[in-house]
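Visitor: All chains, please: the whole structure from these sequences, using the hints.
Just add 2 to wherever you are in the sequence shown, counting from 1, and you've got my numbering.
FYI, nobody ran anything at the bench for these hints, they're computed from the structure.
Relax, there's no trap hidden among the hints.
No farther apart than 35 Å at their CA atoms in a straight line, the calculated lysine-lysine pairs in the DSBU-like style are these:
#1 161 x 137
#2 161 x 39
#3 137 x 95
#4 137 x 12
#5 39 x 95
#6 95 x 12
#7 124 x 39
Here are the simulated distance ranges between beta carbons:
#8 65 x 28: 32 to 42 Å
#9 163 x 94: 36 to 46 Å
#10 88 x 65: 15 to 25 Å
Using N, Cα and C, we set each Cβ at its ideal position, and we do this for glycine too.
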Amino acid sequence: MLQIYYGDGKGKTTAAFGLALRAAGRGRRVVIAQFLKSEDSGERRSMETVPHVLMLPLPEHLNFVWNMDVVERAEYEEYAGRLLDDTAMLAVKNSVLILDEVLGAIETDILPVSEIDDFLAKLPENCEVVLTGRKAPEELLDRADYITEFRAVRHPFEKGVQAREGIEY
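Guide: As structure tokens, this is what we get:
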């Protein structure tokens, strides 16, 4: 089944990682691929210690897409494609695959939607796939079995509060 967690509200990654914990607690293999993020996050540190969960490696540092030069962007596009391929190769029957911020990679043209379609077609039977990000293309929403939209009502950032370690990252 395909699940999409999207919107401008906080909690998409947290929800996906909560599902990962639930699945791992029942002995299901979980593979987590994160896009547009670097290694430094609290959820990664915790999740790396959970049995049955495989966190795919990320760059130690990553510029925001809009700050990448042409070479950095080309290298990251290639990396994102490999990350998607690696995730598909690691999938087994009944596994849970989390593609965190892959919708952002689509939105910024790092990955075309067609690569997600190809990815989904390669998967073994009964894989659960979770896609997260701010905006979801209509063709993926049409295909999804679960859709959860996160809507921001208020956020401390609006008052100038910067991202806090252990809360936002």
